[in-house]
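Counting from 2, one number per residue, gives the positions in the sequence shown under my numbering.
None of these hints come from the bench; they were simulated from the model. Note that the structure is a prediction, hence the values are computed from the model and not measured. Backbone N, C-alpha and C define an ideal beta-carbon position, used for all residues, glycine too. Among the hints, erroneous ones may be present.
[Claimed, not checked] Keeping only pairs whose Cα atoms sit at most 25 Å apart, straight-line, the calculated SDA-like set for lysine to any residue is:
#, residue 1, residue 2
1, K31, E3
2, K88, G115
3, K18, G42
4, K31, Q110
5, K89, F75
6, K31, F109
7, K31, K89
8, K87, Q110
9, K31, K88
10, K89, Q110
11, K18, V32
12, K18, W37
13, K13, V32
14, K31, A44
15, K89, G64
16, K89, W118
17, K89, Y52
18, K89, S72
19, K18, K31
20, K31, T114
21, K89, V56
22, K31, S12
[Unchecked claim] Label-pair restraints from in silico Cβ distances:
#, residue 1, residue 2, range
23, T114, F75, 38 to 46 Å
24, G25, E54, 30 to 38 Å
25, A78, T114, 42 to 50 Å
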Amino acid sequence: PEYWRFPGYLSKFLDIKFSEVPNGLSAFSKVPALGWLQIVGFAGIVELNVYNEQVNDEPGNYGAGFLGLRSIGFMNAGIADPEVRKKKLNAELANGRLAMFAIIGMFFQDGLTGSAWGDWANYT
């Protein structure tokens, strides 16, 4: 469900308002190519300049800590016990994999029915 949208224009030059962009996969065709270039370019800059060093040669460990708080100055000691840390990292990997399955399922549902959310009136 949609609760809020940005007001104003997505592209003033092309006269595209945020309110005109549909939800789901159909939004891909409405966003201009330069918009996609900005999104990919920003993600690339973050990948190359912010998250480019690994801590202790661990893949995915950028030293940012819980919710990235260490990167903005809130420090904590981390998880001292290696077994507890391993268990928590495995749980994080499993949750990430589950989230990937969920979003792929929503993409499939959106492509099949035109709505990633379904009709909530059927469930309430």
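Given the hint that K13 pairs with V32, test it: the Cα-Cα distance must not exceed 25 Å. holds (12 Å)
So does T114 sit 38 to 46 Å from F75, Cβ to Cβ? holds (43 Å)
Satisfaction of hint between V32 and K18, Cα-Cα up to 25 Å: Measuring from Cα to Cα gives roughly 10 Å; hence the hint holds.
Take a quick look at whether K18 and K31 sit within 25 Å of each other, Cα to Cα. holds (10 Å)
For the pair we were handed, K87 and Q110, check the Cα-Cα distance against 25 Å. violated (35 Å)
Between K31 and E3, does the CA-CA distance stay at or below 25 Å? Holds, because 18 Å separates the two Cα atoms, which is no more than 25 Å.
Please verify whether K31 and T114 have alpha carbons no more than 25 Å apart. holds (19 Å)
Within a Cα-Cα threshold of 25 Å, do K89 and G64 meet the stated pairing? holds (16 Å)
Are the Cα positions of K89 and Q110 separated by 25 Å at most? violated (31 Å)
Measure nothing beyond the straight line between the CA atoms of K31 and K88; if it is 25 Å or shorter, mark the hint as holding. At roughly 43 Å apart (the allowed maximum being 25 Å), K88 and K31 break the hint.
Are the Cα atoms of K89 and F75 separated by 25 Å or less? holds (20 Å)
Is the straight-line distance between the alpha-carbon of K31 and that of A44 25 Å or less? holds (20 Å)
In this structure, the hints that do not hold are numbers 2, 7, 8, 9, 10, 16, in rising order.
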